[in-house]
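Undergrad: So the chains spell out like this:
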Amino acid sequence: MNNAFEQAVSRSSQQTFATNKVIKNTYMLLSATLIFSGVMAMLSLYLAVPVWTYTVSVIIAMLLGMFVLPRTQDSGAGIGVIFAITGLMGFGLGAVLSIYLQLPNGPQTVALALGGTGVIFLGLSGYALSSRRDFSFMGGFIFAGMMVLLVAMLANIFLHIPALQLAIAAGFILLMSGFILFQTSQMVHGGETNYINATYGLYLSIFNIFISLLQILGIFGDE
Amino acid sequence: MNIWLQIGMAVTLVIMLVFMYPAAKHWMENSPKAEKGDWQAAIIPLALVASFVALLVLLVKS
Numbered sequence: 001m002n003n004a005f006e007q008a009v010s011r012s013s014q015q016t017f018a019t020n021k022v023i024k025n026t027y028m029l030l031s032a033t034l035i036f037s038g039v040m041a042m043l044s045l046y047l048a049v050p051v052w053t054y055t056v057s058v059i060i061a062m063l064l065g066m067f068v069l070p071r072t073q074d075s076g077a078g079i080g081v082i083f084a085i086t087g088l089m090g091f092g093l094g095a096v097l098s099i100y101l102q103l104p105n106g107p108q109t110v111a112l113a114l115g116g117t118g119v120i121f122l123g124l125s126g127y128a129l130s131s132r133r134d135f136s137f138m139g140g141f142i143f144a145g146m147m148v149l150l151v152a153m154l155a156n157i158f159l160h161i162p163a164l165q166l167a168i169a170a171g172f173i174l175l176m177s178g179f180i181l182f183q184t185s186q187m188v189h190g191g192e193t194n195y196i197n198a199t200y201g202l203y204l205s206i207f208n209i210f211i212s213l214l215q216i217l218g219i220f221g222d223e
Numbered sequence: 001m002n003i004w005l006q007i008g009m010a011v012t013l014v015i016m017l018v019f020m021y022p023a024a025k026h027w028m029e030n031s032p033k034a035e036k037g038d039w040q041a042a043i044i045p046l047a048l049v050a051s052f053v054a055l056l057v058l059l060v061k062s
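In the order they appear, the protein sequences are chains W and G.
Quick note: the first sequence, position 55, residue 55 per the numbering used here, numbers continuous.
Quick note: the second sequence, position 54, residue 54 per the numbering used here, numbers continuous.
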């Protein structure tokens, strides 16, 4: 009886240790990838790359995320792949930022979008970590929402409707905010045990919130 | 945007949809049911995010 109790306590403490390790590794890797992404954005700003660089970088990063990352996420090579993806996305972001920075009030818009993204991410992560609530019930809603938004994005590539673009941006901010709650609670409750995968999900959320905020603030700031 | 880039982006989005479909189907069918107060705990922070974005929009408009 006593032995069974000790085994249960030992198993529970091992699980807690593994969960804390995933959370710690995820936030360390996320910080490193965000810094690297920022450096790559500054490099592309310095090089004044053309705006199509953004589309090309995002396409390559998405293909790497779909075909290469799942095959390498359990090995050390996965770290190299995640840095390649985030570096590419940062490099593409620099091309978009250069356009915004040339506009009147552009630096203010970029700073607000950057600060706003930081506040949203830190607030939601802090809430999910401190409340320790299980948000996995949102999984179906989030994935269904993502499919709808991807179809809307696909349509708007050819339709170019500004109101639809605004609706997609607003939808992405809410959906990615929900995804931050979902992903963080998955890490806390042992649903996500791979820190490279968790970092990729959180990085994409931050990136999408930033780009969407930039679009919304740009449109409402008459830019 | 260049037409080839548009086509490239569209093809990538279609591949993404195909890749995401099994995960979406899994979560839609197997998501745990929300208990009392669960949706409220998710909607309140999301409403705060929406209000915060509205505040940022007011800041750029002023």
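Keep in mind the hints are simulated off the structure, nothing from the lab.
Where a beta carbon is used, it is the ideal one built from N, C-alpha and C, also for glycine.
Accuracy of the hints is not assured; some may be wrong.
Examples of chain G residues toward chain W, derived with CB under 8 Å [unchecked claim]:
1) N2
2) I15
3) P45
4) V53
Which bits of chain W does chain G cover? Going by a derived footprint, with three or more residues having C-beta under 8 Å, they are [what the hints assert, rightly or not]:
5) 75 to 87
6) 210 to 221
Listed below are the simulated EDC-like cross-link pairs for lysine to aspartate or glutamate, each with C-alpha atoms no more than 20 Å apart in a straight line [to be verified]:
7) W:K21 with W:E192
8) G:K61 with W:D134
9) G:K33 with W:D134
Undergrad: Sort out which numbered hints this structure fails and list those numbers smallest first.
TA: The structure conflicts with hints 5 and 8, although it agrees with all the remaining ones.
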